[in-house]
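Chemist: Start from the sequences and build out the full structure, keeping to the hints where you can.
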Amino acid sequence: MKVKLEEADLQEPEVIIRGQLTSVQVQNIVGLLNSSQSSQKMFFFKNEREYLFDLKEVSYFEAHDNRTAAYIGSDTYEVKSRLYELETSLYTKGFVRISKGVIVNANYISSVEAEFSGNYIAYMKDEKTRLTISRKYMRDFRKYILEVL
Amino acid sequence: MAKKIVEHIIVGLGIGFVCTTACLWLFGAYNGDGMAVMRQFSAWLGASFLYGAVSVIYDSDIPFPLSLIIHFTACLLITYAASAVSGLFNFIKWGEWFIYVLPSFVIIYLIIGTVTTLAAKGTSKKINDKIQNG
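Protein sequence lines, in the order shown, are assigned to chains L and U.
Here the first sequence stands for residues 333 to 481, where the numbers follow this note's numbering.
Here the second sequence stands for residues 3 to 136, where the numbers follow this note's numbering.
These are computed hints drawn from the structure, not numbers from a lab.
Do not rely on the hints blindly, as some may be mistaken.
Stated by the list, open to error - Think about it this way: if two alpha-carbon atoms lie no more than 25 Å apart in a straight line, the pair counts; the simulated DSS-like pairs of lysine-lysine are: (1) L/K468 - U/K127; (2) U/K123 - L/K475; (3) L/K460 - L/K336; (4) L/K460 - U/K127; (5) L/K388 - U/K132.
As the list claims (entries may be wrong) - Partial list, computed: chain U residues near chain L (C-beta under 8 Å): (6) D61; (7) D63; (8) F66; (9) K95; (10) W96; (11) T119; (12) A122; (13) S126; (14) K128; (15) I129; (16) N130; (17) K132; (18) N135.
Every residue gets a Cβ at the ideal spot worked out from N, C-alpha and C, and that includes glycine.
Modeler: The following block contains the structure:
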């Protein structure tokens with residue numbers, strides 16, 4: 333994808349996209365542009381208190397025992413949405429499913445490594461967390477990193 | 003799911019046919035009239051189709067060691083059945099199958115496993131390059 337920036341005397345910035353307008357990449361760019369105008373924040377819950385965080389701060393979501401947890405820094409918060417709902421709504425915001433119970437913020441991944449089992453390990457930028465990318469979701473994850481992100 | 007099965011079958015047909023055709027040439031196991039050749043061809047075509055179909059197990063949630071055992075066993079049974087259907091037992095005794103065909107099968111299985119592992123390493127390198135360089 334070519335990115336071309338031009339100085340112009342306009343009242344507000346103008347974005348023109350040329351190419352296959354139906355492609356996933358273009359749709360994601362449009363989604364990102366639209367979402368940048370709306371809130372990127374989300375409510376999280378812990379000890380009966382409500383917290384508002386930017387989605388960029390979430391490293392990953394994990395579903396366990398019918399609950400969805402969000403990992404922000406070293407803390408864990410509860411989220412009211414189901415994992416499949418988050419998977420759809422956060423796809424254009426850098427989040428992708430890597431296993432049955434985990435959606436990861438791709439921007440928090442520092443590297444991946446193949447395992448003999450066919451699964452992959454995602455090493456997170458905190459240098460402590462290791463998440464399993466299940467072979468079932470690997471193809472979609474690969475596509476997301478190489479074509480969408 | 004159906005799409006994945008079709009993808010695996012296509013991959014299975016590709017790998018299986020290349021391997022089995024190479025083995026047929028290498029070992030010179032068969033000769034005969036046109037119908038016999040067609041029978042052999044069809045048997046290994048069917049086997050390749052099934053090799054691909056059973057590979058879907060690697061996309062399931064079944065733990066890897068169990069998937070590997072099931073896949074290996076299934077492929078072994080398919081190979082045995084294909085050997086029977088193709089008429090190989092007209093040339094060798096069933097017990098000789100374990101001497102002539104089984105070792106070849108194991109070697110081919112290991113080679114494909116190695117190639118798959120190397121391909122996985124290539125994939126992780128591509129992803130890491132994209133993550134690090136944007």
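Chemist: Which of the numbered hints above does this structure break?
Modeler: 3, 9, 10 and 18
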